[in-house]
Structure formats: structure tokens, C-alpha cells
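Colleague: Guided by the hints, dock chain B onto chain A, whose structure is given.
Note that the protein sequences, when read in sequence, are chains A and B. For the first sequence, our numbering begins at 633 and goes up steadily by one. For the second sequence, our numbering begins at 91 and goes up steadily by one.
The list that follows gives simulated cross-link-like pairs (lysine to any residue, SDA-like), each with its CA atoms no further than 20 Å apart: (1) B/Lys-214 to A/Met-917; (2) B/Lys-214 to A/Leu-924; (3) B/Lys-214 to A/Leu-930.
Simulated from the structure, these hints should not be mistaken for lab results.
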Amino acid sequence: MEIFLQQIINGVVQGSVYALVALGYTMVYGILGLINFAHGEVVMMGAMISLSALTALIGMGLSPLLALPLSLVLAIAVCMLLGYGIERIAYRPLRHAPRLAPLITAIGVSIVLQNLAMMIWGRDYHSFPQLFVNQAHQMGGAIINDIQLFIVIAAVCVMAGLMFVVHRTRLGRAMRAVAENQHAAQLMGVNVNRVVSITFMIGSALAALAGMMVSANYGLAHYYMGFLLGLKAFTAAVLGGIGNLRGAMLGGLLLGLIESLGAGYIGDITGGFMGSQYQDVFAFMVLIAVLLFRPSGLLGERLAERA
Amino acid sequence: MPNAPDRVLFQRILFTAILLLLPFAVDALLGRGWLRIVDFAMLYIMLALGLNIVVGYAGLLDLGYIAFFAVGAYCYALADSPHLALAFPQLFPDGVHLSLLIVLPMAALLAGGMGVLLGAPTLKLRGDYLAIVTLGFGEIIRIFMNNLNAPVNLTNGPQGISRIDPISIAGVSFNATQRIFGITFPSVHLYFYLFLFFAMLVVFISRRLERSRIGRAWMAIREDEIAASAMGINTRNLKLLAFAMGAAFGGISGTLFAGFQGFVSPESFSLMESVMVLCMVVLGGMGHIYGVILGGLLLALMPEILRHSVVPLQQALFGKTIIDPESLRMLLFGIALILVMLYRPAGLWPSRVRRRELSTDEKTR
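Isolated chain A (complex conformation) (with noise of 0.2 Å):
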């Protein structure tokens, strides 16, 4: 039982990152109809930025209360230009070219971000500096540190932050009406590119936000911890109805559970011939099932067949 409610906690912390990356894809995907591929890369660029301002700042003897906050909004700010960068550089000028163009741009973008991290932080995994001591809770058994506990926190007001945005302001409402007819919210005077280009900040500010979450609770970050992470983030906004800020949510966390669930229980099983190694088939399962069953997605309407 207590390694049933660990797992459960494991896979809601991983799950509320995973839901938090998929809100980018999922409202560029909403208003442009695009797999922003290169996301995954921006997550991971926000990682090392803020990791790289925090030993900086604490190495200039700042403490660390205020040096925390301080490379999480330098993080937030050059990921926020970088998502802008992106869409004005690679997708805008491919809004209405072949289908398959802005993907490509979109690879493109990804190799070139993975590579200048490359360049600059070097192969090599960098640590997470310790800052505070990472208490642990207990909690029926199971234990729950001070990094997990804060990534569950700051998911959950980020995600109801942003659902006041779109839902409750005027800019939310620009939003949804691009996503729903461009061509109609630019005659109501709906500014559109500029509309797309803060979508993509708002996303990139997300991702930025994971991106620091992931390498606090791990500890580490890499150049390639984007690839993986995109992708399964991805899986989380197809699974919850890509397009649906919601269905991401729900998404990223039923992806973490089952991800945690399905590592922590294969072996028995499967008695033992399948082990956690497995860990990565599961979001691929679960996605093919889901779109088999399901193709819109848990959450999403049904949509008729575009041409």
C-alpha cells in the first residue's frame, strides 16, 4: 500500500510538469493547428538558463531566497523571447504553405537549439545546486519532499493563473477567437499575430517554469532532456484532446500516474519478464490506445474531418 501511494505521488509531481509543458503545445496547437516540436527544446533551455543564473548568482554570494526567484523570471524572460524568436523566424512566414513545411522549420529549430546548448553548456549533465535541505514529509506511509510539494503548488496556480487568462480576460478572449476562425477574429479587429506571438511567450514562460521544476527535482539537467520530455509532453495534450487547455491538464497528471503506475507494477505483472525499463512504452501504449478508441482525445470534441 505505501508503495501504491508513492508511486501516486511520483507520478502527480511528473505528471503536473508533464501537464505544464503540454499547455504550450497545446494552445499554439489550438489557435495555429501546429506541432510546435521545437517546445521540448525550449523547455530544456529554460532548464539550463536558470540553472546556470542560479550557481552564478549564488557564487556572488546572493542568498538563496533571492537568488531562486531571480533566475526563475531570467529563465521565464529569455525562453519568452526565444518562443517569440521561434514564430516569427520559422512559422510565420509558413502559415500558409504545404502542411508538412512548418514541420520541418519546426525540426530545424530543435537540432539548432539543441546544439547551441550544446556549444555552450558543453555534453556533460550539470547538478541542480542544493540550496535548502529538501525536507521530507511523511504522508500514509509514502514520503513527499519540499521540491515536490512546491512543483504540485506552483502547477497548480500557474494552471488556474492561465485558465483565468483565457477565460476571463480580454486577451483570452482574442485567443479563443483566433483559435476558432482567424479569418473571422481578424475582421472583429483582432490583432492575430500579435495574438500568436503571446501564445507563444505564454507557452515558453511554461515552459521555462518545467523546465527549472525538472532540474530541481532530479537534480540535473542535460542538452537532450528536451527531446524525451516534449514528446511525452505531447503524448499528455494528445491524450487529454490536443487543442484543450483542460484536456492537457488532465492529461499531463493521467500520463504521470500511469507512467509511475504502470514502471512500478510491469514486473509483477508480467512476472518479472517485463521490468521498468518499460517506463517509455507506456505513454506510447497508452497514446495509440487512446487515439484508437478515442482519436479526439479524453476531453476534446469531436471534430469533423478536415480537409
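Modeller: Same frame as chain A, now just chain B:
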């Protein structure tokens, strides 16, 4: 002035002569290492042409294509190496050593079957969803190859299978220098001709398919699936056929790859490779055979050209190597991908039909 059929014939003879003399020219001018790279480029061209059937003709976006390449490669690796002796010592005391002529159709069939297996449940999905499912499929295959070394050692895990027999047909080994009609053919030259033969075969099949009923049906599905099925096209079977055909070509090139390299490991079949092959198809010009060949050639050769030019260039400019050449060349590669797509969104060499479509699009907008 010769009349048109004569000119075509002359062009064909010239073209064939150039292709046949190419390995000797490359060997003499650039060295044996480059010929090896050209051999790999031929394999990539085969792969790209196979994917072109799925993506270019039928319009099904497949991001896990390398899995079929992997199936072919592992097929040959298991059927032509001492490896199976580890898993089944009683059954195969010195492993299995089948002829390429048996393994090749087997691998093509197996890969084609996998293609159907992947295609069948995903038929209803469109566009990006299909892309992501195929991507997941490719990753699943790779993870299994990485982990199927226990409890039965089938794939030898991340270490991969080594000591694979070199390809030999009718007792002629491709791994040794052969003298035929008084001309010496080193091993890389022999492999070049082998790959050239298969690449030509794939080109031939692709061209016949393109103009056949099947090919036209695929293109109809690509342009508008609903309209195509209203015209009486059995979209289900034709899509499955596209998957199976593309996968079979992938399996064939995988088999040749394993024999050529003598070693396979899951590392050669990462998602990045699938992406690379897709880039070849899209960059060259989807659905256009010569465009795809151009794309395959460019993308297979460009990293090598960059590898050989990045370090000397830095040495000349700054007197020392400042930036890690490996990441710099990938960086330049990424930038090139972006630039080509920005300025030629239909690919470098799109088919005439496609180009016309795009230009009328511009006018009506």
C-alpha cells in the same frame, strides 16, 4: 541533329556510364572513405524513396519509418550471425547463416507485415495524429530492441549485434576485393553496385507505381480522402498497401545496411533518423522521385561535407578549433533546414504538377 528518341537513348547511356564509373571516380578523386559515405547515401536514398510512397504519394505522415529499417537490419543480423547461438545453443550451435536471397524477401515481408500492423489500427487517424502514433510506434520498437536481451537474449540490448556476416551472393563475397574481367573491384565498389542495383529497382517500382491505377488512387487520397472514396476508391486497402510497400522498401534497405555495416545496435534507429529520412523527402520535393533522390543525396552528404570543412575552416580563420565541430555542423544543418523550407516550402525540386498547383494558389489568394 538527332531525333528525340535517339537523344533520350544517348542520355540514358551517358547516365548509366556515369553511374557505373562513379565509384572509381570518387575513389580516385576523394578517397575510399568518401566512397563509403556515398554507399551510405545510396541506402538513405532507398529509404527516402520508400518513405516517399507513404508520405509523398499517399499523404500519410509517418514519423516512425526507421522502425522498418530496423526490422530489416535485425532480421539480417539474426539470420546471418553467430548471435542466435547465445539464445538457443541447442537449436543453432553456430548461429544462423542464411543466404541474402532468402533473408531479403523474408525481411521485406516481415517489414511489410509490420507496416500493415501499424497501418490497420491507425487508418482512421489523419495528419498530425497519425504522425504522433507512428512516432510512438518507432519508439516502442526501439525500446524493445534495447531491452530484449533478457530473459531471452534476442537483440543483445544496447550493445547490439556484431560479427554479422558480410553480404555474399552465389559464393561471391562483397567483403573482399574481387577481380572480374581483369578489373579489380574493392569491397566498397562492390557494395556500391549492389546498392545501385536496389536503388534503381526502387526507382523503377516507384515510377511504375506512380503512373499506375494504384499510384493515381494514392494521390487522390492524398488530395482529398472523402472525394477519393466517393469515386469508388477503396481507401482502406490502398492506405494499407502504401504502408506495406513503404515498409517493405525500408526492410530491404535495412537488410543491406546490416550486411554492409556488419554491426547493428538500437542507436542507429533513433527518432532522429526517422526525422532525417522525412527531411530528405520533404526537402527534396514530396512525391517527386528525382526530388527525393536529390534530398537524400544532399542530406546524407551534407553532414559529412560539413564534418570535413568545419575544422579546417576554423583553423584557417582563427588558427585553432574554437567550437566543437560536431555540434557546429549539426547547428549549420538545422539552419539549412529552416532556410530551405522558408524559401522553397514545396521542396528543392518539386514535381511539375505540384509547382503548378502552388503557383496558382499564389494567384488566387
